[in-house]
Amino acid sequence: MAAAKSSHLQTQSQQVRSPHPHAAEAGDPSTLDIHRPRKDAAGTAEYIAFMTAELAKMSGLAKLDMLTYFLNMARLEAEFHMRRRR
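The opening residue of the sequence shown carries number 1 in our numbering; numbering runs sequentially from there.
FYI, nobody ran anything at the bench for these hints, they're computed from the structure.
Heads up, none of these hints are tricks.
Capping the alpha-carbon separation at 25 Å, the derived lysine to aspartate or glutamate pairs in DMTMM-like fashion look like this:
id, residue 1, residue 2
1, Lys39, Glu79
2, Lys39, Glu54
3, Lys63, Glu79
4, Lys39, Glu77
5, Lys63, Glu77
6, Lys57, Glu77
7, Lys57, Glu79
Please model the entire structure based on the sequences and the hints provided.
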C-alpha cells in the first residue's frame with residue numbers, strides 16, 4: 001500500500017509541474033537554487049509568485065482547500081508587487 005501511495009504522489013508531483021515563465025533565462029525550474037539571493041524586489045516577487053503557484057497546484061490536487069486559497073492569495077500579492085516594481 002505504501003509503495004502504491006508513493007507512486008501516486010510521485011505521479012501527482014510530475015503532473016503539477018509547469019515551466020517557469022522565463023525558463024529559457026532561468027533554466028530548468030527544478031534546478032533553481034532556492035537559496036540564491038534575488039537581485040531586486042521585483043525578482044523576489046516573481047520567484048515567490050512562481051513557487052506559490054506550484055504549491056497551490058499541489059495542494060489543490062490534494063484537496064487542501066484552505067491551504068490552496070492562502071497560497072493563491074500569496075501568489076496574487078507577489079504578482080501585484082512584481083507589476084508595481086517594474
